[in-house]
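Peer 1: One-letter residues, chain by chain:
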Amino acid sequence: MGEAGADVLRLEGITRDFGEGEARTRVLRGVDLSLGRGEFAALMGPSGSGKSTLLHIMGLLDKPTGGRILLDGQDTGALDDDALTRYRGRTLGFVFQFHHLLPEFTAIENVMIPMAADKGRLDPSMRECAMALLERVGLSARADNRATTLSGGQAQRVAIARSLAMNPKIVLADEPTGNLDTQTADEVFSLLREVNRAQKVTFLVVTHDHRLAARTDRIIELVDGRIVSDHPNQPG
Amino acid sequence: MRFEWFIAIRYLREGKAQTALVLGGTTVGVAVLIFLTALISGLQRTLVAQTLSAQAHVFVKAPERVARPLPSPDRVADRVEKVPDRVRSIEQWQQVLASIGTIPGVVAATPTAAGAAFASRGPATKSVTLRGIDPESFARVIDVVPKMRSGRFALEGSEAIIGTVLASDLGVGVGDKVRLATPEGRGDVFTVSGVFDLGNKEVNARWVFVPLRSAQTMLDIPGGATTIEVKVDEIFEAERMAREITRRYGLAADSWMELNRQLLVGLRSQSASSWMIQVLVVLAVALGIASVLGVSVIQKSREIGILKATGTSTGTIQRIFLLEGALVGGAGSVLGALIGSGMAVAFAGLARAPTGDPLFPVDLTPGLYLGAAAVAILTGTLAAWFPARRAARLEPAEVIRYG
Numbered sequence: 001m002g003e004a005g006a007d008v009l010r011l012e013g014i015t016r017d018f019g020e021g022e023a024r025t026r027v028l029r030g031v032d033l034s035l036g037r038g039e040f041a042a043l044m045g046p047s048g049s050g051k052s053t054l055l056h057i058m059g060l061l062d063k064p065t066g067g068r069i070l071l072d073g074q075d076t077g078a079l080d081d082d083a084l085t086r087y088r089g090r091t092l093g094f095v096f097q098f099h100h101l102l103p104e105f106t107a108i109e110n111v112m113i114p115m116a117a118d119k120g121r122l123d124p125s126m127r128e129c130a131m132a133l134l135e136r137v138g139l140s141a142r143a144d145n146r147a148t149t150l151s152g153g154q155a156q157r158v159a160i161a162r163s164l165a166m167n168p169k170i171v172l173a174d175e176p177t178g179n180l181d182t183q184t185a186d187e188v189f190s191l192l193r194e195v196n197r198a199q200k201v202t203f204l205v206v207t208h209d210h211r212l213a214a215r216t217d218r219i220i221e222l223v224d225g226r227i228v229s230d231h232p233n234q235p236g
Numbered sequence: 001m002r003f004e005w006f007i008a009i010r011y012l013r014e015g016k017a018q019t020a021l022v023l024g025g026t027t028v029g030v031a032v033l034i035f036l037t038a039l040i041s042g043l044q045r046t047l048v049a050q051t052l053s054a055q056a057h058v059f060v061k062a063p064e065r066v067a068r069p070l071p072s073p074d075r076v077a078d079r080v081e082k083v084p085d086r087v088r089s090i091e092q093w094q095q096v097l098a099s100i101g102t103i104p105g106v107v108a109a110t111p112t113a114a115g116a117a118f119a120s121r122g123p124a125t126k127s128v129t130l131r132g133i134d135p136e137s138f139a140r141v142i143d144v145v146p147k148m149r150s151g152r153f154a155l156e157g158s159e160a161i162i163g164t165v166l167a168s169d170l171g172v173g174v175g176d177k178v179r180l181a182t183p184e185g186r187g188d189v190f191t192v193s194g195v196f197d198l199g200n201k202e203v204n205a206r207w208v209f210v211p212l213r214s215a216q217t218m219l220d221i222p223g224g225a226t227t228i229e230v231k232v233d234e235i236f237e238a239e240r241m242a243r244e245i246t247r248r249y250g251l252a253a254d255s256w257m258e259l260n261r262q263l264l265v266g267l268r269s270q271s272a273s274s275w276m277i278q279v280l281v282v283l284a285v286a287l288g289i290a291s292v293l294g295v296s297v298i299q300k301s302r303e304i305g306i307l308k309a310t311g312t313s314t315g316t317i318q319r320i321f322l323l324e325g326a327l328v329g330g331a332g333s334v335l336g337a338l339i340g341s342g343m344a345v346a347f348a349g350l351a352r353a354p355t356g357d358p359l360f361p362v363d364l365t366p367g368l369y370l371g372a373a374a375v376a377i378l379t380g381t382l383a384a385w386f387p388a389r390r391a392a393r394l395e396p397a398e399v400i401r402y403g
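So the sequence lines, in the order shown, correspond to chains V and H.
All residue numbers for the first sequence refer to the numbering used here, where the first residue is 1 and numbers rise by one.
All residue numbers for the second sequence refer to the numbering used here, where the first residue is 1 and numbers rise by one.
Extracted from the complex, chain V is given alone in its bound form:
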């Protein structure tokens, strides 16, 4: 079980509305949530419950209508667009359902992109660093393959390596295994768990799969934009 230290992420009264006027709907209705260092939590809930929206808000990809986000102690509402981008790049990693690797680039280049975007240039040390990450996810042999030539599981491993490129505090994963067959899904999930244990990176994984959720430390359930249950879990 990952040890929960000081909060790396805290949400206070987060609301999010979509649409204008009559069509205005409140997707998140006041979410309070804290994630501690090294936690491995699952975010569950039916379709349309606001899981992805919440994940995007935590990931600073979307702005809440109301409420506060404290990321690693920093109130993100105080940051301008560029500062937010830089802060996001350095603190957060993302793993999406559809790996979302850039098809024009090779596996290793995809892993290098967050580093190069942060520095503003590419240098050879980034390649070494990215290679180490690919080794970590067991894909160093395919480093120079195009992202488009990788299988679903391989692509998702590369996406995991990419999410770790900046040594983030938190990795947010949106149904990272949703698109994979059961065996591959298990492997990818195990990899996430392993990284979490070895590096004390906090993970929040959105999933529909109870079987996978059972392997996390904490299960948070979101229904109609509200957290309805949040309890620790003893992974089997």
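Hints are supplied without guarantee of correctness; some may be wrong.
What the hints assert, rightly or not - Lysine to any residue pairs mimicking SDA-like chemistry, simulated, CA-CA at most 25 Å apart: (1) H:16 <-> V:143; (2) V:119 <-> H:14; (3) H:16 <-> V:63; (4) V:119 <-> H:393; (5) V:169 <-> V:146; (6) V:119 <-> H:61; (7) H:147 <-> H:118; (8) V:63 <-> H:315; (9) V:119 <-> H:10; (10) H:126 <-> H:187; (11) H:16 <-> V:103; (12) V:119 <-> H:186; (13) V:119 <-> H:315; (14) H:61 <-> H:257; (15) H:147 <-> H:137; (16) V:63 <-> V:166; (17) V:119 <-> H:257; (18) V:63 <-> H:393; (19) V:169 <-> V:227; (20) H:126 <-> H:154; (21) H:61 <-> H:164; (22) H:16 <-> V:119; (23) H:231 <-> H:213.
It is worth saying that the hints were derived from the structure and are not from the lab.
For chain V, the structure is supplied; the task is to place chain H on it using the hints.
Peer 2: Chain H only, in chain V's frame:
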């Protein structure tokens, strides 16, 4: 390598069809720019050079005499008749000549005494323009020395220099004698010391150069000069110089531009239409680049969202697309310069005089290439502006979710 360059170059390399389209458009645009400019400026330079091969830039003459009726209380002039003007000398021409020589922009000035005359040898008589000159300063105003077909450009005693057409009309060559006489009957026998070809049939048939002193005697203007011919360093400043001379000395001054009004109007409208074509071409290229990049931004929405999610700033995204436009402009200007200069050289090669000499050179100057490259790169960058802004404004959450 800069991050923006890395991404922009990769996008251009991977989006082969799109890159080929915009690159092709830019290349054609630059080629047209180079070809047209080289051709038109070469053509115009040759036309002007040909016109000026036998013509000074500014002609200074005595002011026209105006007939004025005498004021008288009991008589009303019912017609004012202009006095038929005989050949007149510029007053104090030596001082004026020396003074003109000091005006900034004047390269050289030479006095001439010109009038009508007949040239005859045996039974053949031709009407000619007698031009009494000082060969040394005249050669500085009009570049005649390299255009001598035989003999030399020098006048001593009673020597004359004639054109190729007159030489063949009269059947004379260097060393032969020709009789020159004015309509008033003053005349003398001259020895041909040289034959010129100034590239103009009329001039070759009519101009006869004699020493200034001989012309003064024949035209009955002892010690006088009818015109001062001036060469300036900026040929298109000639008109301004002519006005300046009129202002300073009260003399009549015509520039070559005034005497060749039609040529100048022709040149100007040629330049104007060539400019218009070029502006339209640049506009078409810009629209092409903008629309192709615009489509590519839409196609890449999701990837742009991912780049943003992984720490790429809005400014960087914008620079990536601006850079794509600039790179296409740069590459297009290199290819277009090659094709455009190839076309210009080939075209100049096709248009040949019967002698096999090119009719006109094409003006392929470094300035032209630099200018075309600057236009292409600027056009590419500006055309990429709107697509780049659109890309930069994409919200990562939306394009990742729905993309």
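Peer 1: Against each hint, give a clear statement of whether it holds in the structure.
Peer 2: How the hints compare with the structure:
no. : hint            : in the structure
1   : H:16 <-> V:143  : 24 Å, holds
2   : V:119 <-> H:14  : 24 Å, holds
3   : H:16 <-> V:63   : 37 Å, violated
4   : V:119 <-> H:393 : 22 Å, holds
5   : V:169 <-> V:146 : 28 Å, violated
6   : V:119 <-> H:61  : 75 Å, violated
7   : H:147 <-> H:118 : 24 Å, holds
8   : V:63 <-> H:315  : 19 Å, holds
9   : V:119 <-> H:10  : 18 Å, holds
10  : H:126 <-> H:187 : 14 Å, holds
11  : H:16 <-> V:103  : 14 Å, holds
12  : V:119 <-> H:186 : 94 Å, violated
13  : V:119 <-> H:315 : 14 Å, holds
14  : H:61 <-> H:257  : 16 Å, holds
15  : H:147 <-> H:137 : 16 Å, holds
16  : V:63 <-> V:166  : 22 Å, holds
17  : V:119 <-> H:257 : 62 Å, violated
18  : V:63 <-> H:393  : 15 Å, holds
19  : V:169 <-> V:227 : 23 Å, holds
20  : H:126 <-> H:154 : 23 Å, holds
21  : H:61 <-> H:164  : 28 Å, violated
22  : H:16 <-> V:119  : 28 Å, violated
23  : H:231 <-> H:213 : 22 Å, holds
Consistency with the previously given hints fails for numbers 3, 5, 6, 12, 17, 21 and 22, ordered from lowest to highest.
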